[in-house]
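A.B. asks: Top to bottom, those sequences are chains A and B. Take 1 as the starting number for the first sequence in our numbering and just add one per residue. Take 1 as the starting number for the second sequence in our numbering and just add one per residue.
Just so you know, the hints here were simulated from the structure itself, not pulled from any lab data. There's no promise every hint is true.
Capping the alpha-carbon separation at 16 Å, the derived lysine to aspartate or glutamate pairs in EDC-like fashion look like this [what the hints assert, rightly or not]:
1. K198(A) <-> E347(B)
2. K268(B) <-> D133(A)
3. K345(A) <-> D215(B)
4. K345(A) <-> E33(B)
5. K277(A) <-> D372(B)
6. K34(B) <-> E200(A)
7. K371(B) <-> E325(A)
8. K179(B) <-> D215(B)
9. K277(A) <-> D133(B)
10. K330(B) <-> E200(A)
11. K188(B) <-> D215(B)
12. K330(B) <-> E118(A)
13. K116(A) <-> D133(A)
In this text, all values refer to a predicted model and were calculated from it rather than measured experimentally.
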Amino acid sequence: MNFEFSEDHKFFRERVSDLLKKLVLPHASRIDEEEGFPENLFKEFGRLGYFGIRYPEEIGGMNADCITFTIFAEELARVSMGFAAITTMQCLMGTEFIHSFGTKEQKERCLIPAIKGEKVGTIAFTEPNCGSDLGSIQTYAKKEGDGYILNGRKMWITNGAVADFVTVVASIDPSKRINGLAFFLVEKGTPGFSVGQKIEKISAKGANTAELIFDNCYLPKENLLGEEGKGVIYLEKILNEIRIMMAALGLGLAKSAFETGIRYAKEREAFGRPISKFQLIQEKIAEMDTKITNSQLLTYYTAWLKDQGRPHYKEAAMAKFYSTETASFVVDEVTRIHGAYGIAKEYNAQRYFRDARFLLFGGGTSEILKIIIARERLKEAI
Amino acid sequence: MDFRLTEEQEFFRKTIAETVDKMIVPKADEIDEKDEFPWDLWREFSKLGYLGLRYPEEIGGMNADPVTAMIFYEEITRGSVGFAQSVIMNILMGTYFVYRFGSDAIKERCLLPAMRGEKIATICFTEDQSGSDLGATRTTAVKDGNEWVLNGTKMWITNGPIADFATVLATTDPSLRMKGLNFFLVEKGTPGLSYGQRLSKLGCRGAITGELVLDNVRIPEENFLGDELGKGVVYVGEILDEIRVMTGAMALGIARAAYEEGLEYARKRVAFGNPIGRYQLIRAKFADMATEMEASRLLVYYAAWLIKEGLPCRKEAAMAKMFATETCLKVVDEVTRIWGANGFAHEYRPQRHLRDARFLLYGGGTHEILKDFIGRSVIGKI
Numbered sequence: 001m002n003f004e005f006s007e008d009h010k011f012f013r014e015r016v017s018d019l020l021k022k023l024v025l026p027h028a029s030r031i032d033e034e035e036g037f038p039e040n041l042f043k044e045f046g047r048l049g050y051f052g053i054r055y056p057e058e059i060g061g062m063n064a065d066c067i068t069f070t071i072f073a074e075e076l077a078r079v080s081m082g083f084a085a086i087t088t089m090q091c092l093m094g095t096e097f098i099h100s101f102g103t104k105e106q107k108e109r110c111l112i113p114a115i116k117g118e119k120v121g122t123i124a125f126t127e128p129n130c131g132s133d134l135g136s137i138q139t140y141a142k143k144e145g146d147g148y149i150l151n152g153r154k155m156w157i158t159n160g161a162v163a164d165f166v167t168v169v170a171s172i173d174p175s176k177r178i179n180g181l182a183f184f185l186v187e188k189g190t191p192g193f194s195v196g197q198k199i200e201k202i203s204a205k206g207a208n209t210a211e212l213i214f215d216n217c218y219l220p221k222e223n224l225l226g227e228e229g230k231g232v233i234y235l236e237k238i239l240n241e242i243r244i245m246m247a248a249l250g251l252g253l254a255k256s257a258f259e260t261g262i263r264y265a266k267e268r269e270a271f272g273r274p275i276s277k278f279q280l281i282q283e284k285i286a287e288m289d290t291k292i293t294n295s296q297l298l299t300y301y302t303a304w305l306k307d308q309g310r311p312h313y314k315e316a317a318m319a320k321f322y323s324t325e326t327a328s329f330v331v332d333e334v335t336r337i338h339g340a341y342g343i344a345k346e347y348n349a350q351r352y353f354r355d356a357r358f359l360l361f362g363g364g365t366s367e368i369l370k371i372i373i374a375r376e377r378l379k380e381a382i
Numbered sequence: 001m002d003f004r005l006t007e008e009q010e011f012f013r014k015t016i017a018e019t020v021d022k023m024i025v026p027k028a029d030e031i032d033e034k035d036e037f038p039w040d041l042w043r044e045f046s047k048l049g050y051l052g053l054r055y056p057e058e059i060g061g062m063n064a065d066p067v068t069a070m071i072f073y074e075e076i077t078r079g080s081v082g083f084a085q086s087v088i089m090n091i092l093m094g095t096y097f098v099y100r101f102g103s104d105a106i107k108e109r110c111l112l113p114a115m116r117g118e119k120i121a122t123i124c125f126t127e128d129q130s131g132s133d134l135g136a137t138r139t140t141a142v143k144d145g146n147e148w149v150l151n152g153t154k155m156w157i158t159n160g161p162i163a164d165f166a167t168v169l170a171t172t173d174p175s176l177r178m179k180g181l182n183f184f185l186v187e188k189g190t191p192g193l194s195y196g197q198r199l200s201k202l203g204c205r206g207a208i209t210g211e212l213v214l215d216n217v218r219i220p221e222e223n224f225l226g227d228e229l230g231k232g233v234v235y236v237g238e239i240l241d242e243i244r245v246m247t248g249a250m251a252l253g254i255a256r257a258a259y260e261e262g263l264e265y266a267r268k269r270v271a272f273g274n275p276i277g278r279y280q281l282i283r284a285k286f287a288d289m290a291t292e293m294e295a296s297r298l299l300v301y302y303a304a305w306l307i308k309e310g311l312p313c314r315k316e317a318a319m320a321k322m323f324a325t326e327t328c329l330k331v332v333d334e335v336t337r338i339w340g341a342n343g344f345a346h347e348y349r350p351q352r353h354l355r356d357a358r359f360l361l362y363g364g365g366t367h368e369i370l371k372d373f374i375g376r377s378v379i380g381k382i
């Protein structure tokens, strides 16, 4: 057994952490307050090549393994959940299917500029009446001549209002439910494609979130990414990675919040001594530290399983569930340690508290994940 | 034993609930969004006479018993925490010491107009370095002939920036710590009194919270609120139980509002072909919420009944505040989970309840302080 990160991993973490502290951290509160898309920051970050972290070097990527990507997501969440949400969308879900299935032209038009930070990509799953239950997707792609006519509405789309291209999950046959899904590439400027309402939310505020509307959008057949009906199979290919990434975001957020809490507990005095001297505060610190350590182990263990090519479906669900619940626990305790300052907008504690809620839904709610974990375990030998 | 409310109390609940539904609920979202004091609502609501809830009929009050008062606190908070906090400040903490110790002239000038909503009241305990630890109060009151000279800065003052008069906790001898504390009345317009920065808070928005700065504020001897020097803490003890149980009642109010939202959604939202209320994991959430809310309700009204009967209840009041508030935090957490990602969209109410509930953690004693107190009471001197 070896729990140590490799020299490469350590070096990567140090480099990315220094960069984010310099580049993003000074803007974290502003990103949260303004709730707009931090365009300049996005472009600057893109020039450094991080949006291609998962992709091969030949196309300008970094060819990073899952452990490295996990470190990346964790460090992002340590500084700004809004910027982390934007970036992970660009690195993973927003570009993956174009990388896997796009034509050469599509890659040149969408993927390569996205890696450079010149274009913004996103993916559109959720609808007003469908979240965890993908089988009830109502966005419909009807065959027409040599292409498809797309109709429907997508909700909760990260980067939605500024996206240059979208990977849309639509049904080609609603009666087949989950087996009737397919992915389509829709680019900005396509007639019938528009941005609906902007969704204001309490978490990850810098990542603008919007509704997307597809009203009789004609898509040529090459915009079908992959094969008809295989959407769910493709999705499963990156689902584990999404869950590991969400776990990493939870871990990063929990660590930053925890450090803020420790700092405050050491500084703040009550009854003549720093509150860190009181047992009830020490209990909180002990519980938080233990849980964060568990999140860390579970998250990187799952990333390691993936890098080793071993099965990790159940572990990814566990990591996402445990790490995001830990983040929720930690931000709760940290706002308690801060006393009333825990709800003052002036301090970071309340931002961490709000941001933790963002992690509870994407990649599977805790309720859905518990069911998945239990079902997987029940399939295994006793 | 009889767990029923009296007919009078039942009637009171019905009346105030209807008023809250009609007058406050429709404005709650706007109060939260604008984070401004709702003057129009204040004037409209004041006309109904509730601001004199606890005071004798002879001076225009309603002479409500503690159980009736809790019904009021619960119902109004169900409507809007921000508005409730301002109202309750005028009803209870902001006027109590003026009622108890004020001269006739002071009552005429401050208490009676406050009961009619013509003046806004507040109380000032907290300072930058003193919250739970009142003994660390640094605001000083020094006798100079027939006057008192006050110096210091008070933080987290509800209604602070708009208050017409404030009951200020100050020390007349810092070396005596708790035994050097006293209350003084400071009215708007007194030279040296100014309003410092306004605090932007995560929850309970619409209740204006800010700093009060006292820079050589000179007040006449008459403004000393008490019978003898050094008894400030003893006087706090007279309403401490009521403040704590009141906070518990507020927690019940928020929990009920959130719970109703959760119920409606669980019945309506469909996933995997069923309303989500049919799934065991969702039913379990309602079972826990309903049970804990019922237990909170019993504890809050039991403590109120103890106060009404004049029976000792320091421990029970602390329990009621802590348990009802923790229940409330759990309910708002679960309700935002039931709502899925919609739980953190500004468009819907669950995120407001989630933010508002945090406000109740601190006032009346943090739960760390209360646990320590309850534990100490139970274990006794050893």
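A.B. asks: If a hint holds in the structure, say so; if it doesn't, say that too.
C.D. replies: Structure-based check of all given hints:
1. K198(A) <-> E347(B): Holds - the C-alpha atoms of E347(B) and K198(A) are around 10 Å apart, at most 16 Å.
2. K268(B) <-> D133(A): Satisfied, since the Cα-Cα distance of roughly 15 Å is no more than 16 Å.
3. K345(A) <-> D215(B): Outside the cut-off at roughly 27 Å; violated.
4. K345(A) <-> E33(B): holds (14 Å)
5. K277(A) <-> D372(B): holds (14 Å)
6. K34(B) <-> E200(A): holds (15 Å)
7. K371(B) <-> E325(A): The hint is violated at about 24 Å.
8. K179(B) <-> D215(B): Not OK: K179(B) and D215(B) at ~23 Å, beyond 16 Å, violated.
9. K277(A) <-> D133(B): Distance of about 15 Å is within 16 Å: holds.
10. K330(B) <-> E200(A): With a Cα-Cα distance of about 24 Å, the restraint between K330(B) and E200(A) is violated, given a limit of 16 Å.
11. K188(B) <-> D215(B): Cα-Cα ~13 Å, so holds.
12. K330(B) <-> E118(A): Cα-Cα ~44 Å, so violated.
13. K116(A) <-> D133(A): violated (34 Å)
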